[in-house]
Structures are given as C-alpha cells and as structure tokens.
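*Asks:* If you want the building blocks of each chain, they are given just below.
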Amino acid sequence: MADILQTPLHDLHIELGAKMTPFAGYDMPLQYDGIMAEHNHTRQSAGLFDVSHMGQAHYTGDEAALEKLITADLSALKPGEQKYTLLLNDEGGIRDDLMISRPFGDDGLFIVVNAATKAADFAHMASKTAGAGNLRMIEDRALIALQGPAAAAAFGQIIPAAADMIFMQCGVFDLDGVELYVSRSGYTGEDGYEISIPASDAAAVARKILADDRVKPIGLGARDSLRLEAGLCLYGHDMDESRTPVEATLMWAIAKSRRERLDFPGAAKVMQQFADKPARKRIGFTMSGAPAREGAEVVKDGQSIGVVTSGGFGPTIGGPVGMAYVDLEHAIADTEFEILLRGKARPAKVTKMPFVEHRFYRG
Amino acid sequence: MSVKFTKDHEWVRVDGDEATVGITAYAAEQLGDVVFVELPDVGKSFESGDEMAVVESVKAASEVYAPVSGEVVAVNDVLEGEPQKVNESADGDGWFVKLKLSDKSQLDGLMDEAAYTAHIS
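Residue numbers (this note's numbering), protein chains in the order written: chain U, 1 to 363; chain R, 1 to 121.
Each hint can be trusted.
List time: in silico DSS-like cross-link candidates among lysine-lysine, alpha-carbon distance up to 25 Å: (1) U:LYS300 to U:LYS352; (2) R:LYS59 to U:LYS216; (3) U:LYS19 to R:LYS59; (4) U:LYS216 to U:LYS19; (5) R:LYS85 to R:LYS100; (6) U:LYS344 to R:LYS44; (7) U:LYS349 to U:LYS281; (8) U:LYS277 to U:LYS352; (9) R:LYS100 to R:LYS44; (10) U:LYS256 to U:LYS78; (11) U:LYS281 to U:LYS269; (12) U:LYS352 to R:LYS59; (13) U:LYS277 to U:LYS256; (14) R:LYS44 to R:LYS104; (15) U:LYS344 to R:LYS59; (16) R:LYS98 to U:LYS344; (17) U:LYS352 to U:LYS256; (18) U:LYS19 to R:LYS85; (19) R:LYS59 to U:LYS349; (20) R:LYS7 to U:LYS19.
Calculated directly from the structure, the hints in this document are not laboratory data.
When you get a sec, could you build the whole thing from the sequences and use the hints?
*Replies:* The following block contains the structure:
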C-alpha cells in the first residue's frame with residue numbers, strides 16, 4: 001500500500017477539527033461537527049466540501065477521438081457549458097461517470113472524474129486518443145464544492161459574476177490574480193458550485209469562503225447522505241463495469257444524437273437491451289426502522305429479487321433511504337418488498353427518486 | 001450500586017441481581033448520530049459475548065454484545081422514538097436493557113471506571 005495522500009486543504013481540515021478517514025488513497029475529512037448537523041446545514045444554508053481527491057484533466061486536440069469513449073455530444077457542448085456523461089467499456093459497462101465542460105473558450109475541455117477511478121480513466125483516455133489529442137492531468141489544483149441554498153449569495157460576495165451562472169454552466173474567474181475554474185453544479189441536489197483552484201492558493205480561497213457565517217465545512221459522511229437523498233449514483237456502488245446505463249437508469253446521460261448514430265462504446269448492446277428491457281434495474285427505496293446498507297438482499301415472497309447498492313439514514317427525509325438493483329417486474333413505484341437485515345425481513349418499498357427535490361438554479 | 005465497563009465500550013450498572021446495560025459516552029461519540037437502536041425482546045437470554053443489540057448511526061451499524069450472561073427483564077422503549085438519547089445521555093436515559101444476572105461472578109472480569117478510562121485514553 002502506497003503512502004496515504006493529502007489534499008492541498010489537509011492542514012485546514014486538521015485545524016478545523018475534522019475527524020479524518022482514508023478514502024480512495026487520500027486522508028479525507030469524514031466529519032467536523034457531526035454528519036447529521038453538517039447534512040442539515042448544507043440543506044438549510046451552505047456547506048464547503050474538499051473534493052480535491054477527484055481527478056481533473058485538460059483535453060485538447062481532436063475531440064472526436066475523445067467522444068468515442070463517452071456518451072456526450074461534444075459538438076453540442078458550447079463554450080461555458082458542462083455535461084454529465086459516462087465513460088463506457090466496449091460492452092456498454094460503466095467505467096466511470098464524469099463531468100466534461102468547456103470553461104476555456106476554444107481551448108479544449110475540462111474533465112473531472114472520480115477519485116478511485118482517475119488513474120485508470122486517464123490512462124484509458126490517453127491511450128485511446130494518442131496521436132489525435134492531448135490529455136493533460138491537472139495535479140496542481142485543488143477542487144472544492146460549495147453547496148446549499150446560500151451558496152450563490154456566499155460565493156457572490158467573492159465572485160459577483162458567478163451569481164449569474166445557471167445550473168451546468170462553467171467559466172474561468174479571476175480572484176485577486178488567482179484563476180478559478182467554476183461550474184454551477186454539485187453532488188447534493190442543492191444549488192451550488194464546484195471550484196478548481198491552484199493548489200498553493202486553495203487554503204486561502206477556502207478560508208475566504210468559510211469566513212462567511214452561512215458557510216461551514218462538510219465532510220464525506222454528509223456528502224454521501226446528501227447525494228443519496230438526491231438520488232445520485234456513487235460510482236463503484238450504484239454502478240460499475242458490470243452495469244449498463246440501461247440497468248443504472250442513466251440513459252438520459254446518453255446524448256440523443258449518439259443514440260441515433262449508435263457510436264458510443266457498446267452502443268449496439270446497450271440499445272438492444274434498452275429495447276428488450278433489462279433483467280434488473282436501479283430503483284430507490286424507503287423503509288422504517290434500521291437502514292438497509294450496501295449488500296443487503298432484497299426479497300419478495302421468499303424469493304431473492306435484488307441487492308442494495310447504497311443505503312443509509314436520510315436526515316432530511318428523517319428515515320432510511322437507499323438504492324437497489326431489483327428484478328424488472330418489481331421495479332415499479334410503490335411496489336412493496338422486504339430487505340434482509342441481520343437475518344430478519346424488513347418491509348421496504350420502491351420510492352421515486354430524488355427522495356429530496358433537486359433545487360438547482362436554472363435562472 | 002457499582003458500574004463496570006467492557007473493552008467493547010458497554011457499561012453495566014449492578015443493582016442486586018439485576019444489571020442495567022448501555023454504551024459509554026465515548027462509544028456514542030465515536031458512533032456519531034444514532035438513528036436507530038434494535039433491542040432484544042424481553043424474556044430472551046444471552047450468554048456473555050452474544051450479540052444483544054444493534055446501534056445504527058448515520059455512518060454504520062454496530063453490534064452491542066452482552067457484557068454478562070442473563071435474561072432480559074426490561075428494554076428502553078424510549079429509544080424506539082428517540083434514538084438520539086444514546087448521544088445525549090449515553091450513561092443515563094440512553095440505557096439499552098436490564099438483565100437478570102445468571103452468574104454474578106462474571107462482573108469480576110469487567111473493568112472499573114479507572115481501568116476503562118485508561119483503556120480509552
């Protein structure tokens with residue numbers, strides 16, 4: 001095992017009293033005041049997250065070469081826009097989910113991928129685009145997320161023009177000579193921003209944002225409960241290479257033009273499965289009592305019908321929430337089934353996601 | 001009345017041949033926000049070391065083991081509606097069960113408060 005890595009904000013986390021935990025090779029803040037308090041603060045005001053463990057890259061050159069690997073229509077991605085997209089293998093299995101954007105005008109694409117998959121993703125992208133484009137990993141920048149209903153007001157104090165952005169827009173902003181790559185997006189279901197900052201300036205910018213009373217630092221614990229309530233998938237849990245976008249109910253992330261052209265990886269297989277319907281698909285569920293956790297078996301009438309891929313307590317919902325892959329005939333809203341918890345069958349039911357309404361700013 | 005502790009962070013308050021059992025404030029702090037407690041049925045008997053209850057925090061599920069052998073004579077029903085009592089008052093209102101002790105000599109194998117304080121520091 002290699003030495004555990006630190007993000008540029010590591011010292012700040014320690015100073016703020018974070019309880020740290022290893023995650024994807026990094027020593028990351030699990031919590032500061034407590035997961036419940038941090039979750040609620042993000043929903044009610046604004047929370048600042050360190051997501052510097054995620055992978056950032058800049059791609060320039062022939063975009064068709066990169067487009068072949070993902071599900072977005074890059075010709076439709078205008079300067080100042082961002083898209084959520086999927087990196088698929090040749091069978092249509094999900095290698096990763098990622099954000100791709102055009103914050104630099106004509107100068108290529110900015111890519112953000114998951115921490116645990118970044119080395120494999122970038123190696124794959126670099127080898128498949130070799131000779132056509134140039135993928136440069138950005139390792140000298142931190143990435144933070146500011147999320148919550150007060151995020152726009154708080155960030156607007158520092159970058160006034162950012163308040164005019166709408167959901168999934170992006171751009172480059174100057175803060176006293178520091179170049180910030182900003183997108184209006186996130187992983188909580190709330191309005192907010194993701195902000196890439198040169199590593200050497202990251203702590204100063206984070207402190208500037210935290211100086212606003214509305215903003216508190218938030219750890220990975222609340223990041224997980226927030227994204228789960230928002231119905232957002234966690235890579236490696238709610239999707240992986242063994243799942244297709246059809247099974248993961250992420251077909252919306254495949255651009256219409258790409259479906260028509262059948263030119264994304266595994267397109268024939270994915271579109272055939274889409275037409276035939278998959279054997280299982282991802283659903284959300286709610287229950288009372290103890291929360292079902294990842295790996296718990298879903299049963300109905302004594303038969304195994306699926307497996308929980310994410311589960312926990314949703315502080316805003318005030319009860320357990322989760323995601324599971326279940327047999328298609330049971331993947332219908334309000335269908336009741338049981339989940340086995342420590343050998344006991346606990347009632348649960350299919351519940352439409354998001355569990356907590358998204359509050360993205362669309363202008 | 002004496003209070004004893006286990007290395008798994010349970011406390012045992014002994015009163016005659018009955019013992020009240022809960023988890024320590026240190027354990028509650030480590031678990032974080034408790035959102036559900038699964039308690040055993042009254043009348044059930046446990047051997048020392050058996051899994052007796054489960055505490056669910058926002059983070060994860062943790063087992064609570066019977067610190068001594070005995071039969072459950074009462075459970076703290078308050079925790080069903082107010083699991084946060086475990087965080088607020090781990091060694092008071094947040095108690096889990098009362099056991100009728102089957103072998104009081106097992107108490108000798110548990111830690112006193114000074115030993116437990118040393119154990120967690």
